[in-house]
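Trainee: Taken in sequence, the protein lines are chains A and B.
Under my numbering, the first residue of the first sequence is numbered 3, with each subsequent residue one higher.
Under my numbering, the first residue of the second sequence is numbered 3, with each subsequent residue one higher.
These aren't lab readings, by the way, just hints derived from the structure by calculation.
Any given hint could be a false lead.
One copy or two, it doesn't matter: identical chains are merged, so the pair holds either way.
What the hints assert, rightly or not - When the alpha-carbon atoms are kept at most 20 Å apart in a straight line, the in silico DMTMM-like pairs for lysine to aspartate or glutamate are as follows:
hint, residue 1, residue 2
1, 103, 190
2, 60, 83
3, 60, 205
4, 103, 139
5, 103, 59
6, 103, 69
Next come the chains, spelled out residue by residue.
Protein chains: 2
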Amino acid sequence: MSGTDRSRERCPDAAGPAVVLVEPQLGENIGMVARAMLNCGLTDLRLVRPREIWPNDKAVAAASGADRVLDGARLYGRTADAIADLVHVYATTARPRDMTKRLASPRAAAADLRARAATGEATGILFGREACGLDNDDVALAQAVVTVPLNPGFSSLNLGMAVLLIGWEWYSAAEAAPPTVPELVIPEQTRPATQAELQGLYDHLEGELDTCGFLRNAQARPSMVRNLRNVFARAALTQQEVRTLRGVVTCLVEARHLKR
Amino acid sequence: MSGTDRSRERCPDAAGPAVVLVEPQLGENIGMVARAMLNCGLTDLRLVRPREIWPNDKAVAAASGADRVLDGARLYGRTADAIADLVHVYATTARPRDMTKRLASPRAAAADLRARAATGEATGILFGREACGLDNDDVALAQAVVTVPLNPGFSSLNLGMAVLLIGWEWYSAAEAAPPTVPELVIPEQTRPATQAELQGLYDHLEGELDTCGFLRNAQARPSMVRNLRNVFARAALTQQEVRTLRGVVTCLVEARHLKR
Chain A
3 MSGTDRSRER CPDAAGPAVV LVEPQLGENI GMVARAMLNC GLTDLRLVRP
53 REIWPNDKAV AAASGADRVL DGARLYGRTA DAIADLVHVY ATTARPRDMT
103 KRLASPRAAA ADLRARAATG EATGILFGRE ACGLDNDDVA LAQAVVTVPL
153 NPGFSSLNLG MAVLLIGWEW YSAAEAAPPT VPELVIPEQT RPATQAELQG
203 LYDHLEGELD TCGFLRNAQA RPSMVRNLRN VFARAALTQQ EVRTLRGVVT
253 CLVEARHLKR
Chain B
3 MSGTDRSRER CPDAAGPAVV LVEPQLGENI GMVARAMLNC GLTDLRLVRP
53 REIWPNDKAV AAASGADRVL DGARLYGRTA DAIADLVHVY ATTARPRDMT
103 KRLASPRAAA ADLRARAATG EATGILFGRE ACGLDNDDVA LAQAVVTVPL
153 NPGFSSLNLG MAVLLIGWEW YSAAEAAPPT VPELVIPEQT RPATQAELQG
203 LYDHLEGELD TCGFLRNAQA RPSMVRNLRN VFARAALTQQ EVRTLRGVVT
253 CLVEARHLKR
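One chain only, chain A, in its complex shape (with noise of 0.2 Å):
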């Protein structure tokens, strides 16, 4: 490397995102993700219910030589789990979702996911199967949405080329001038609040929410449940919030058995 080369040189472990793929088909792809996350600097794969057995040969072949990426990856049955360590997640999509989110180029993203590792977030991003992408339940889970615009004649990408484009933008962003966005500002005696207690909000509320009838639709259930959890998965909640949260629900239920 040159010498104005040099000033680049990063740690590639520096708290990036970790890359999520969710029910990824192809070992090979997933091989090509390694390496794309390798060259940009990150490490932390996980996958969640791959289609083809793992270990993959075709992973390795294909990851020309990001075995680290690869050795490291965890695997897990559900999204909620591979997420539950993740303070703020993007879901990306091709398409809108008829939800209410943040929608973020790859550089805005890149720029937030950095201002965000500059304080110690843990943050992720999801991708979705190759045919399909996301459903609209892993969608609800995230914090907010990035979409890579492409020629919209032809925008589909193969998945190790998703990866890496948003792998550029944060490998590059860290060149970039400081991100303009709004800070959250947090108290000092609380936290973010985590993927893992985010969703023991969401199973506490519709537990109460399945009892008391809300949710009695079958067909309208599983949208229902989406618009509740994106409303919170937006809100960037604190541990003492969902703490809080969960009191308000556990209060408003038992008052039936306080009163008449």
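Given the coordinates of chain A, assemble chain B onto it according to the supplied hints.
Mentor: Frame of chain A; chain B shown alone:
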């Protein structure tokens, strides 16, 4: 695509640089290059001495529908012939070549290529063979060099990925001021809630929380109310979501009439 995205649609053929692959080794990689090119609105593919026969079935399979790029690809015996009609040519290299050349990042090269396209100047980008890149004779033919700064510990980029990165920068350089802040996208059938609607939610929720005793500590009440309001104020709720949340409160509370 939403209304804001529609402005990003651009003619795929708007004077993009030619992509010149010098001695590409694998048909599959040529196909991935074609796909990445069309993703980014590039269509002028030129091949110098491809190793495998041409046309190539593996290229077609890997192109995933970018057939028009493959069908229009032109073959050449020498790099000089492939770039004969071009005015300004970039060579992609992973490392400095001990030549005095202008060296650009992909973003700087993209801005330069856009500026040249605006004046009708024909441009191109040379990419070398998968294993070892361009040889020095080919680099010497180019007016300037573009290098992708990646993880110095793992910078070897797949050929299709390299084309995608440069193509992506070309494509996104069309936007004078790309968005740098995640934008809140709201489905068409609803709209942002007014403050009056939010206030209605607060009154409703706080009234029920007074009833059930959650806010009975008079000293803590003001800050608890503030904290709860803050969660919903921050969430950028839609009118529909306010209605849903009020439905949730009502249902949780009314359970006391139905049960026990």
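Trainee: Looking back at the hints listed earlier, which ones does the structure fail to meet?
Mentor: 2, 3, 5, 6
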